[in-house]
Structure formats: C-alpha cells, structure tokens
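Asker: In this note's numbering, the protein residues as written are 3 to 202.
For the record, the hints were derived by calculation from the structure and aren't laboratory data. Incorrect hints may appear among the rest.
Restraint-style ranges between C-beta atoms, simulated for each label pair [said to hold, decoys possible]:
no.: 1; residue 1: Gly4; residue 2: Leu61; range: 17 to 23 Å
no.: 2; residue 1: Gly140; residue 2: Ala64; range: 33 to 39 Å
no.: 3; residue 1: Arg164; residue 2: Glu7; range: 14 to 20 Å
Predicted model only: the values in this text are computed from it and were never measured. Cβ atoms here follow ideal geometry from the backbone N, Cα and C, with glycine treated the same way.
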Amino acid sequence: IGLAEDDWLILQPTRVIPRKGIELSIELLHQLGDSRAKLVITHKAGDEGMDYLHELEALAKAKNVALIYAGEAVDDQRRMAGNQKIYSLWDAYPHANLVTYPSFIEGFGNALIETVYFKLPAVVNRYPVYAADIGPLGFQFAEIDGVITPETVETVRGWLERPETAVPATTHNYKLGQHHFSYQTLAKLLTPLFKQTSTA
3 IGLAEDDWLI LQPTRVIPRK GIELSIELLH QLGDSRAKLV ITHKAGDEGM DYLHELEALA
63 KAKNVALIYA GEAVDDQRRM AGNQKIYSLW DAYPHANLVT YPSFIEGFGN ALIETVYFKL
123 PAVVNRYPVY AADIGPLGFQ FAEIDGVITP ETVETVRGWL ERPETAVPAT THNYKLGQHH
183 FSYQTLAKLL TPLFKQTSTA
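Work the whole structure out from these sequences, hints included.
Answerer: Structure follows, in structure tokens:
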C-alpha cells in the first residue's frame, strides 16, 4: 500500500463516514509533524456517499499528512479479486504501530476490542458508549474529548519512537480484555441463562 520499512502505520480501522471523526486522526498526524507517520484507512467509503472521503483527502493535503485509502484492498476475508490480492483487516493489525479510534458515535466499538487483542496502543475519542461502558473498566488508551491536545501528541510520539514504552499499557489492556470480553467470560455469563431457560 505504499509504506516504507521505517514508516509508522497509523491504522484507522473504520468505515469512511462522518461520525467516525477521521479528521481528528488527520489532525493528530498534522500536530505530530513526522513524515514517517502514515494514516491508513482500511474500510470502504460510499455508505453515505463519497463527499466525506474527498473532504478528508483535501484536509490531509492541506495539512501535509500522508493519507492512504486502502478500502479497495481490504475486506472481511482475504481473497483474490481478479489479479488483485484483497487483504483482511486482521492482516493489517500486526503491522500497525498505532490505532486511531476518534469516533463521535459507536454502537460499541468492535475495532477497539480488536486493538486490545493485538496489543496495540490507541488514541480513543470518548464517544458515549465508551465513556459509559468501556473507559470505566480501566483501559489505558490516549483518550481525547473531541480535540487533539499537546499531551496526546506527546504520548503518541513516545509510543511511536519508543514502542517499548507502550508495552505496559497494551499488556494491561490485553489482560483486562480477557477478563471482560473473552469467549470464556461470555460462556460464564451465558451458561446460567441457558440453564434457567432449560428448567423453565
């Protein structure tokens, strides 16, 4: 997708629609001011028209941010489309240096849980469901409230320049994710319900 070996892959694993707040990811990279940082959007545009993608491309150009739209090369499953190789989102996570999740609204945040699974640091906007149900669990992300702050930029810079500094947070998040969102936890929660249903 056009990355050099020493580039930083900043992964935006969302659809290209306004409520995903991708302009905040562009602003993050603008303030970071490092040409190694490349913002890669993995999902297709078009669900709500193409205007938002075009606005993002113009914004990225104006702010001198490298934006790579990979929506045509990434899908739910790895496959071939004619002569073009289509990758899955899970092919992208292992190569990412950072995940940006600046959504204003989410139903829950599946990509955020995937980020935890792959032990990646993340910048997260405190969308309502996150603020109510995920953040209070104690996850260690770089949280924002609709604006990129200098503190956020310096936290991200530290993670990117010295990846080992992100390990305590990503390890903590992984353990917390196992505790709250694993299949084992789901089984523990559902088993009593199934038993109640079968005896009713």
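Asker: Indicate, hint by hint, whether the structure satisfies it.
Answerer: Verification of the hints:
1. Between Gly4 and Leu61 the beta carbons are some 19 Å apart, a value that agrees with the proposed interval 17 to 23 Å.
2. Distance hint for Gly140 and Ala64: a CB-CB separation of about 38 Å, consistent with the stated range 33 to 39 Å.
3. Between Arg164 and Glu7 the CB atoms are about 18 Å apart, so this pair conforms to the stated range of 14 to 20 Å.
In this structure, none of the earlier numbered hints is contradicted; all agree with it.
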